[in-house]
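There are 2 protein chains.
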Amino acid sequence: MPPEFDLIGRHFRALAGPAALNLEDDAAVLAPPPGRELVMAADTMVAGVHYLPDDPADGVAQKLLRVNLSDLAAMGADPLGYLLTVSAPSDTPDAWFAGFAAGLGRDQAIYGLSLLGGDTTSTPGPVTLSLTIIGHVAPGQAVRRRGAKPGDEVWVTGTIGDGALGLAVSLGKLTDATGFLRRRYCVPSPRLGLPLAGAVSAAIDVSDGLLQDLGHLCRLAGCGAEVEAEAVPLSPAARAAGPDWFANCLGGGDDYELLLAVPPGKGEALADECRLRGVPLTRIGRFLAGEMQVRVLDGKGRPMAIAHHGWSHF
Amino acid sequence: MPPEFDLIGRHFRALAGPAALNLEDDAAVLAPPPGRELVMAADTMVAGVHYLPDDPADGVAQKLLRVNLSDLAAMGADPLGYLLTVSAPSDTPDAWFAGFAAGLGRDQAIYGLSLLGGDTTSTPGPVTLSLTIIGHVAPGQAVRRRGAKPGDEVWVTGTIGDGALGLAVSLGKLTDATGFLRRRYCVPSPRLGLPLAGAVSAAIDVSDGLLQDLGHLCRLAGCGAEVEAEAVPLSPAARAAGPDWFANCLGGGDDYELLLAVPPGKGEALADECRLRGVPLTRIGRFLAGEMQVRVLDGKGRPMAIAHHGWSHF
Numbered sequence: 003m004p005p006e007f008d009l010i011g012r013h014f015r016a017l018a019g020p021a022a023l024n025l026e027d028d029a030a031v032l033a034p035p036p037g038r039e040l041v042m043a044a045d046t047m048v049a050g051v052h053y054l055p056d057d058p059a060d061g062v063a064q065k066l067l068r069v070n071l072s073d074l075a076a077m078g079a080d081p082l083g084y085l086l087t088v089s090a091p092s093d094t095p096d097a098w099f100a101g102f103a104a105g106l107g108r109d110q111a112i113y114g115l116s117l118l119g120g121d122t123t124s125t126p127g128p129v130t131l132s133l134t135i136i137g138h139v140a141p142g143q144a145v146r147r148r149g150a151k152p153g154d155e156v157w158v159t160g161t162i163g164d165g166a167l168g169l170a171v172s173l174g175k176l177t178d179a180t181g182f183l184r185r186r187y188c189v190p191s192p193r194l195g196l197p198l199a200g201a202v203s204a205a206i207d208v209s210d211g212l213l214q215d216l217g218h219l220c221r222l223a224g225c226g227a228e229v230e231a232e233a234v235p236l237s238p239a240a241r242a243a244g245p246d247w248f249a250n251c252l253g254g255g256d257d258y259e260l261l262l263a264v265p266p267g268k269g270e271a272l273a274d275e276c277r278l279r280g281v282p283l284t285r286i287g288r289f290l291a292g293e294m295q296v297r298v299l300d301g302k303g304r305p306m307a308i309a310h311h312g313w314s315h316f
Numbered sequence: 003m004p005p006e007f008d009l010i011g012r013h014f015r016a017l018a019g020p021a022a023l024n025l026e027d028d029a030a031v032l033a034p035p036p037g038r039e040l041v042m043a044a045d046t047m048v049a050g051v052h053y054l055p056d057d058p059a060d061g062v063a064q065k066l067l068r069v070n071l072s073d074l075a076a077m078g079a080d081p082l083g084y085l086l087t088v089s090a091p092s093d094t095p096d097a098w099f100a101g102f103a104a105g106l107g108r109d110q111a112i113y114g115l116s117l118l119g120g121d122t123t124s125t126p127g128p129v130t131l132s133l134t135i136i137g138h139v140a141p142g143q144a145v146r147r148r149g150a151k152p153g154d155e156v157w158v159t160g161t162i163g164d165g166a167l168g169l170a171v172s173l174g175k176l177t178d179a180t181g182f183l184r185r186r187y188c189v190p191s192p193r194l195g196l197p198l199a200g201a202v203s204a205a206i207d208v209s210d211g212l213l214q215d216l217g218h219l220c221r222l223a224g225c226g227a228e229v230e231a232e233a234v235p236l237s238p239a240a241r242a243a244g245p246d247w248f249a250n251c252l253g254g255g256d257d258y259e260l261l262l263a264v265p266p267g268k269g270e271a272l273a274d275e276c277r278l279r280g281v282p283l284t285r286i287g288r289f290l291a292g293e294m295q296v297r298v299l300d301g302k303g304r305p306m307a308i309a310h311h312g313w314s315h316f
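So the protein sequences, as listed, match chains A and B.
Sequential numbering of the first sequence, starting at 3, is according to my numbering.
Sequential numbering of the second sequence, starting at 3, is according to my numbering.
Chain A on its own, in the form it takes in the complex (with noise of 0.2 angstroms):
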């Protein structure tokens, strides 16, 4: 047998669920949940250019699954599976894939989903993984990112610039003792699980940087939104960097937390369901009718110059 199948065999037939077949067959066969929508993304990673390539390898593997359950969360989807494509140098050793496949192990038991098929294949450059995932909703029920109206407001979930942050202290650029901003860039928390459906008007994933990603909701509205800088929830540890990093909490990526576009009168209890489920809402702003810009506005309600509005992987 050739090797790609002993590597298969020894780290990725265990991930399997029921519908992959032992990963047997040419694809896996799905019965997909009756009277359920399926929801669907699909996201790359690759070494040196979405984490470093001496990144631990179960936690990238963590990363690659959790970057796209934010995907499902965004859209207030449930998850059911995944395939999962990896290219990487023929020397590569075989501690990366157990790393690899058991950082994978330990977010299908906590986030109840498996492994449906996939491929290795061999590269001359980075490794690169692709991960589609498999989500389901209630029919009608997925939140979009198309319909934030003027007079909405803007909740997040959670605290906001840890990615972006501990990226810095990864680069050696910015020292956190607790190591609190570096595992939240490594391993961030899908906000999975809440009940946005009917509570919000359009609702996003803070991949990109919180002001680009708000803009994405505001493109697609035709309307503007200003950001109040005191009220964005920061950590601890990114308060502790202190008020020169704050336009790098803004505009960096991978947060991972919703961006959220709420009617008004409806975030308060909103906020109280997200809390039940240990979940944090904050209130930072609203979105305006007019120009399609966003305004971040200091303590005075001053607009503040604020220079890197967000991150393209291309």
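Everything labelled a hint here was simulated from the structure, so no lab data went into it.
We treat Cβ as the ideally placed atom computed from N, Cα and C, and that holds for glycine.
Among these hints, one or two may not hold up.
As the list claims (entries may be wrong) - Covered stretches of chain A (in silico footprint by chain B; criterion: 3 or more residues with CB under 8 angstroms from a CB of chain B, positions within the stretch not fixed):
id : stretch
1  : 31-42
2  : 135-145
3  : 149-158
4  : 165-174
5  : 186-199
For chain A, the structure is supplied; the task is to place chain B on it using the hints.
Positioned in the frame of chain A, the structure of chain B alone reads:
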């Protein structure tokens, strides 16, 4: 707007079906066809590993899609849509993306499916493409690799070896004035739409080489098989290459024909059905009780030594 969004807008939005929500959202939302099971597979292609870096981009796109469609074909499933991730060097010319999207568009029209979603990222390495195909099949009717029985006949669609010889032509090791072999290598024909359910015991697509893929069916069935060398259908171009290339025809990959285990007495009727759909079907051997090995017999029934038994991508 960052360049990634420009790229999606310029080249990929026109390929998106209704479920893709205009590629504006975090994920696609797909209502599964009522009363059907979903069939899903993912395959990766890396420039310099699975295709030659200067192969035309439209052909690369078609091969990527068709290789995945071939996995659906092997399960007897019909295509629905696909998710695509593209990692490319940041200096990849726009014309490459235009050609790539044109190839996808052409095959979407031929095979009746559409783009559901995906991701584009930069990479310091070679272009790395990953595609997840989504199809559907009647409940319980997916054809498996497992299920061949001693006494079943071995049948194949189309002609065998064109893929391997087409690669040899691409590498300058073989000449073929007709261009047929190279076309077969670059743009395979997935054998979708054949009435396999109920007619075959097992199926696999020939991607790693006839003998290796037949070995997979044997391993899963716990039996052996023999192939009559003179019965293996060769194209005129493969025949013209001469007997020295015959081992490559049996051992090389990239044919994307279907290899079928057919219960005795059912082959001719299935072959008639396939011929009506324009696909020749040829009996080339049989499954045998006993040792899990694949033997090739010459015209006098004597075992032949075939050096190269297939291709592993890792």
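Hint-by-hint comparison with the structure:
1. 31-42: With 8 residues close enough to chain B, the hint holds.
2. 135-145: With 6 residues close enough to chain B, the hint holds.
3. 149-158: That given contact is violated, which follows from only 0 residues of the stretch 149-158 of chain A lying within Cβ reach (below 8 angstroms) of chain B.
4. 165-174: violated (count 0)
5. 186-199: Violated, because only 0 residues of the stretch 186-199 of chain A bring their Cβ atoms closer than 8 angstroms to Cβ atoms of chain B.
Hint compliance for this structure: hints 3, 4, 5 are not met, and every other hint is.
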